[in-house]
Amino acid sequence: MALTAWAAAVVVYMAAHAADTGFSMFWVFGLAFGFVLQRARFCFASAFRDIFLMGHSRNMRGLLLGLAVASVGFGLVMSQQVPMTSLGVYPPSANVLPLGIHTGLGGLLFGMGMVLAGGCVSGSIYRMGEGYVASWVAFAGVMGGLLVSAYTWNWWWDIHIADAPRIWLPHWIGHPGALLVTLLALAGVYVWVLSIEHRAGIVVPPLSRSHSQPESVSDDLRSVAHSLFVKAWPVLPAGAVLGGLNVLLFTAQEPWGFTGEVSRWSVGMASLVNAAPGPLAGVEELPGCVLVPSDGLFFNHMLFLVCGMLFGSFAAALGAGEFKLRVPRRTVRYAQSLGGGVLMGYGAGIAMGCTIGALFSAIPSLAVNGWVFGAFLALGAWLGTQMIQRIE
Amino acid sequence: MTKTPEASVKTLDVRGEICPYPMMRTVSALKKLQGDERALEVVTDHPPALQTIPTQAARLGFRTEVEEKGASEWLIVLTRIEGEDGA
Numbered sequence: 001m002a003l004t005a006w007a008a009a010v011v012v013y014m015a016a017h018a019a020d021t022g023f024s025m026f027w028v029f030g031l032a033f034g035f036v037l038q039r040a041r042f043c044f045a046s047a048f049r050d051i052f053l054m055g056h057s058r059n060m061r062g063l064l065l066g067l068a069v070a071s072v073g074f075g076l077v078m079s080q081q082v083p084m085t086s087l088g089v090y091p092p093s094a095n096v097l098p099l100g101i102h103t104g105l106g107g108l109l110f111g112m113g114m115v116l117a118g119g120c121v122s123g124s125i126y127r128m129g130e131g132y133v134a135s136w137v138a139f140a141g142v143m144g145g146l147l148v149s150a151y152t153w154n155w156w157w158d159i160h161i162a163d164a165p166r167i168w169l170p171h172w173i174g175h176p177g178a179l180l181v182t183l184l185a186l187a188g189v190y191v192w193v194l195s196i197e198h199r200a201g202i203v204v205p206p207l208s209r210s211h212s213q214p215e216s217v218s219d220d221l222r223s224v225a226h227s228l229f230v231k232a233w234p235v236l237p238a239g240a241v242l243g244g245l246n247v248l249l250f251t252a253q254e255p256w257g258f259t260g261e262v263s264r265w266s267v268g269m270a271s272l273v274n275a276a277p278g279p280l281a282g283v284e285e286l287p288g289c290v291l292v293p294s295d296g297l298f299f300n301h302m303l304f305l306v307c308g309m310l311f312g313s314f315a316a317a318l319g320a321g322e323f324k325l326r327v328p329r330r331t332v333r334y335a336q337s338l339g340g341g342v343l344m345g346y347g348a349g350i351a352m353g354c355t356i357g358a359l360f361s362a363i364p365s366l367a368v369n370g371w372v373f374g375a376f377l378a379l380g381a382w383l384g385t386q387m388i389q390r391i392e
Numbered sequence: 393m394t395k396t397p398e399a400s401v402k403t404l405d406v407r408g409e410i411c412p413y414p415m416m417r418t419v420s421a422l423k424k425l426q427g428d429e430r431a432l433e434v435v436t437d438h439p440p441a442l443q444t445i446p447t448q449a450a451r452l453g454f455r456t457e458v459e460e461k462g463a464s465e466w467l468i469v470l471t472r473i474e475g476e477d478g479a
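Same order as they appear, the protein sequences are chains A and B. This note's numbering applies: residue 1 is where the first sequence begins, and numbers increase by one. This note's numbering applies: residue 393 is where the second sequence begins, and numbers increase by one.
Do not take every clue at face value.
Simulated crosslink set (DSS-like; lysine-lysine; CA at most 25 Å straight-line) [stated by the list, open to error]:
(1) K424/B / K402/B
(2) K461/B / K231/A
(3) K402/B / K423/B
(4) K324/A / K424/B
(5) K231/A / K324/A
(6) K402/B / K461/B
I should point out that these hints are in silico values taken from the structure, not numbers from a laboratory.
The shape of chain A in the complex, shown without the other chains:
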């Protein structure tokens, strides 16, 4: 089954490659991201939530390592793109976004939404591939929330975003200083989450089945394949791989992110029923996952990225024997998933990105907006944690 899925992925690659080499490249990146997210169950929502809910830092440690790896890589790329920081030029595709109330509010709503829905946008995409029905509902909510944010975008633009500053650390303290400050801040967060974990008590390491000493080369290879395709990946290597993939994608074209693409789908669907939000002010000039007006086209390189993530997770889950249709029995879960999705969609719309675009690609862009989004994301996740404990 898994082999058939991978064979199908190769067929899509060849068809996409014939149409546009950008399509096939983004398809491969999508597959890789989806595969790693599923194999490590790399969930940004739980990275934040589990600190508050159970004093557990597993996913947060992976996230911090991924951010550190990506920061070094992005820092090197950006120092080539903008060697003279005193000129006030911005790196062309890095996620240095307008910073303001919309950043904080977007982070807050997104943080609440991801905990309510049990996964952020990337988390919902990989769980869709694993067969979680609630994640499909959450994704529909995200599409709805993005559309609502598109209706209010021009209002936000006029009163706030147009004049909001884009703060890029290398302008203030140079490339080495900006990277150093970022890495130190990540280390600071690491110490903080470890101290929370130690206060919470025992942490049981993942249960592992005992493996006998491999007796031959083929035995050894089988065991390596088992670790890669069947056993859950430890979170630290997964974080490092995701950070590294993000650097590769940034080097090839732009940082990892996809809510802009998902907004293109929402706006495109709305325009089918003549309910499109109309022209969106300023979006052409902004990097990151800013809303994308419908262009009337179906294919786009980013479509291959998002579909690749979904398919990569699906194939990974099949290979690990973890694919299963999971249907929630309690009606309230559908409401939670949909409502959480709408909050995430709206938050990602005004903050110009989700946990990926506005955080995982923004902090490595050495941009202050990534830190502000992250702080409010944590606050939102804390609020969300209070809410889910009151929902049976």
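Add chain B to chain A, keeping to what the hints say.
Same frame as chain A, but now just chain B:
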């Protein structure tokens, strides 16, 4: 897997649940166990629960054993560690 002498070990079925309810509902079921109930069985199809439940159970004084039931389903047996009151 040790067989519990009691005829009825409570079973909690959290299949289909979204994250993190498999863990949360297990914790609240463990807290509701009576003093003479030594174990709880949890049926789940949520792989992350295999990492979160053992920690939360240990904090409440329970040992975890996981049995794979196939088709992405697991039976988690939580047994009270003797001589401990639970935290």
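Verification of the hints:
Pair hint K424/B plus K402/B holds up; C-alpha atoms about 11 Å apart against a cutoff of 25 Å. With a C-alpha separation of about 16 Å, the suggested pairing of K461/B with K231/A holds against the 25 Å cut-off. Restraint check for K402/B and K423/B: the C-alpha separation of about 13 Å stays at or below 25 Å, so the hint holds. With a CA separation close to 30 Å, the supplied pair K324/A and K424/B exceeds the 25 Å bound.
Between the alpha carbons of K231/A and K324/A the distance comes to roughly 17 Å, so the proposed pair stays at or under 25 Å and holds. Restraint check for K402/B and K461/B: satisfied, since their Cα atoms lie roughly 18 Å apart, inside the 25 Å limit.
Of the numbered hints stated above, the single one contradicted by the structure is hint 4.
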